[in-house]
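Novice: For the protein sequence lines, the chains are X and A, in the order given.
For the first sequence, this note's numbering gives the first residue as 384, with consecutive numbering after it.
For the second sequence, this note's numbering gives the first residue as 57, with consecutive numbering after it.
FYI, nobody ran anything at the bench for these hints, they're computed from the structure.
The reader is advised that the hints may include incorrect statements.
[To be verified] Calculated pairs, DMTMM-like style, for lysine to aspartate or glutamate (alpha carbon to alpha carbon, straight line, at most 20 Å): (1) X/631 x A/106; (2) X/631 x A/83; (3) X/687 x X/666; (4) A/286 x A/359; (5) X/631 x A/338; (6) A/72 x A/106; (7) X/511 x X/586; (8) A/72 x A/83; (9) A/286 x A/349.
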Amino acid sequence: MPPRWCKDAPIPISDAQVDDLRRIVLRTINKNQVLILTHIPRVPASITSILREISRKYQIPLSTLKRNAQILRDLNLIRYGEAPKFSGVEITELGQFISNLTTGEEPSLLGNMVKTRSGFVPFGSVTKTLRKRVLRMIAEAGSGHLGASLSAIDVLAILYFMKMRHDPSDPDWPERDRLVLSKGHAAPALYAVLAEAGYFPVESLSTLRRMGGMLPGHPEIRTPGIDASTGSLGQGLSIAVGMALAAKMDEASYRVYALLGDGELNEGQIWEAAATAAHHRLDNLTVIVDRNGYQLTGRTEDVKAPGSIVDKFRAFGWEVLDTDGHNPASILDALERCDMAPGGPSAVIARTTKGKGVSFMEGNQFSRKTPNARELERALSELT
Amino acid sequence: MMKLKMQASQVESFGKALLSIGLERDDLVVLDPDVSDSTKTAYFAERFPERFISVGISEQDMIGIAAGLAASGKTPVACGFAMFTSGRAWEQVANSVARSNLNVKVVGTHGGLSPSADGASHQAFGDVALMRVLPNMKVVVPADAPEAEEAIRTLVEWYGPSYLRLGRGSSPVVYDYGCEFTLGKATVLREGSDATIMANGIMVSMALITADKLVVEGIDAGVVDVHTVKPLDEASVDRAATETGAIVVAEEHSVIGGLGSAVAEFLAESRPTPVVRVGIRDRFGDSSRSYEDLLRKYGLTPDDIVEAVRASMGLRDRER
């Protein structure tokens with residue numbers, strides 16, 4: 384059944400085309416903009432009061448909403464006057480069209496087309512492909528941190544396919560955004576992402592942990608696309624702080640991301656670096672904590688209970704967002720809000736599941752093992 | 057024991073050199089773990105506050121930040137006390153810096169017994185060993201204040217990680233300011249035919265005094281300043297082994313793992329030659345209001361070197 388906006392349309396349009404259009408629209412406008420569009424009432428009201436209401440209801444900073452409202456106005460999707468010549472806000476015809484197209488749908492980004500080495504493909508299929516490759520890599524290598532790679536892969540994919548400015552054909556581009564994989568044991572996930580983005584051939588993934596190869600067990604800076612050598616837990620955030628400081632000194636606009644494990648937060652150096660980043664007001668630095676709840680010998684709560692990670696970073700002076708680390712829209716939204724964090728570093732606590740994507744590995748310690756041939760087949764069959 | 061003439065401070069000379077390098081190079085960044093007044097990086101801080109990063113009392117964080125800066129095109133100098141930059145942050149230097157061959161200049165001041173009053177907690181005797189064991193690292197222990205200045209200038213010019221070890225406070229002066237300094241090339245200060253004293257740091261000045269003393273006994277001892285522990289000037293060591301066949305190595309460091317070890321390791325595999333080491337004999341330090349008293353207590357005086365020269369000649373002659 385066609386959606387209501389095209390009921391009387393002179394040109395017939397298929398459901399498939401509507402889906403395509405929806406993808407294009409959702410790629411063009413973000414979740415905050417959709418929220419604003421769908422909250423504009425039929426009766427005239429002031430833009431500020433509407434934004435305040437959304438801000439309260441969804442816990443989104445007012446400044447973020449104001450910026451997005453301006454974008455909607457520039458796109459001619461809504462109309463309102465600037466103070467002092469103020470008039471109520473109203474939705475344009477085009478805005479109504481877009482609003483109808485998105486109404487009732489939680490923006491998911493799975494259908495979004497993203498650029499990979501093999502052209503534009505839906506994001507949802509990319510993450511499935513990446514998971515399969517990680518499983519195969521680790522099974523072939525005979526060892527590797529599977530659970531920690533599977534929990535981090537959605538965040539890494541969002542970063543490299545939707546968020547970061549980078550150029551696989553020029554890994555040393557000075558203006559690129561950087562990623563320090565402080566939880567270096569998730570290297571297989573990062574290698575899979577980098578290969579899919581085009582930094583090196585997908586075939587080389589089969590050389591994981593092979594002597595003399597380009598894909599060692601933990602990241603080395605010599606591999607194209609790797610920004611820092613890591614693997615010794617606790618050290619990556621300091622390196623990221625150094626990169627962010629260099630950007631400030633050079634007045635460069637790149638952002639620096641550091642992906643940390645939740646177990647890694649046991650390391651004292653993390654908190655030295657957290658204090659340094661806040662002291663220097665590094666608003667170009669974003670930490671993502673892969674909060675999968677497990678470390679090597681057990682649950683984080685049992686090994687050394689971390690307490691509230693959100694409160695800890697907040698107490699250090701960071702802007703902190705708590706989000707679902709497997710929901711692409713939530714991750715992207717959180718990262719975008721970090722871009723606007725006022726005057727300091729920001730952290731996204733990404734709630735994840737160890738071994739995510741393979742039912743019998745999820746949330747348990749199975750993923751510490753290397754899957755045998757039968758288990759690999761079973762896992763792969765779940766990802767088709 | 058004769059009194060040493062404590063004439064100039066290595067950190068003072070180093071601090072002023074950093075300031076002057078900072079004027080020439082925009083990429084020079086200095087990091088400080090809250091000791092800039094003591095390490096004299098405060099001179100740089102005052103002139104270039106935008107390129108001076110105070111990290112607070114956190115050496116591990118400092119080394120990581122330096123790695124990030126180096127990976128972004130800066131030339132960072134991470135300077136703190138030897139005990140903590142080389143010791144506490146050793147694994148950060150290994151994994152975040154040396155493993156990636158990043159251009160970080162690690163500097164450890166207050167090396168050896170020089171923080172004499174502070175006692176064992178602050179006296180680093182293992183720093184050269186710790187840094188020498190790391191691939192890609194260069195390790196330099198200059199003899200005096202003028203050489204300290206040339207050393208930091210040279211290390212900044214070379215790409216790659218390095219460790220510079222300096223003493224606290226005043227120490228004897230051997231060279232003139234603007235002296236010759238070539239990384240990895242030892243400086244022959246005195247030719248000798250009976251024995252060769254190879255030394256670095258404050259022990260170079262003591263080696264010269266020793267050589268004078270030995271003349272009275274009719275012993276002609278040469279003195280070589282081996283400021284660069286790594287890469288070791290193997291040609292110079294080989295020459296000493298060939299010419300005198302009796303070698304003494306003197307350093308303000310543990311006899312385990314420092315210059316003495318480097319020389320002995322090289323000779324054992326190439327030209328087995330008696331090597332007698334003058335250094336700290338596997339002990340922790342102590343507090344003392346007098347640096348000289350401590351040097352005496354730990355066996356680091358010209359008299360100790362005299363004994364060592366006799367011992368090495370004795371070993372050589374027994375072999376023959």
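Novice: So, for every hint listed, does it hold in this structure?
Specialist: Evaluated hints:
Between residue 631 of chain X and residue 106 of chain A the alpha-carbon distance is near 10 Å, which keeps this suggested pair within the 20 Å criterion. At roughly 13 Å between alpha-carbon atoms, residue 631 of chain X and residue 83 of chain A fall within 20 Å of each other, so this suggested pair holds. For a cut-off of 20 Å, the pair hint linking residue 687 of chain X to residue 666 of chain X is broken: about 30 Å separates their Cα positions. For the given pair, residue 286 of chain A sits about 28 Å from residue 359 of chain A by alpha-carbon distance, which is inconsistent with the 20 Å threshold.
Proposed proximity of residue 631 of chain X and residue 338 of chain A is contradicted: the alpha carbons are some 46 Å apart, above 20 Å. At roughly 18 Å between alpha-carbon atoms, residue 72 of chain A and residue 106 of chain A fall within 20 Å of each other, so this suggested pair holds. Among the hinted pairs, residue 511 of chain X with residue 586 of chain X is consistent with the structure: their alpha-carbon atoms are about 17 Å apart, no more than 20 Å. The suggested pairing of residue 72 of chain A with residue 83 of chain A holds, with an alpha-carbon distance near 17 Å, which does not exceed 20 Å.
Restraint check for residue 286 of chain A and residue 349 of chain A: the C-alpha separation of about 30 Å exceeds 20 Å, so the hint is violated.
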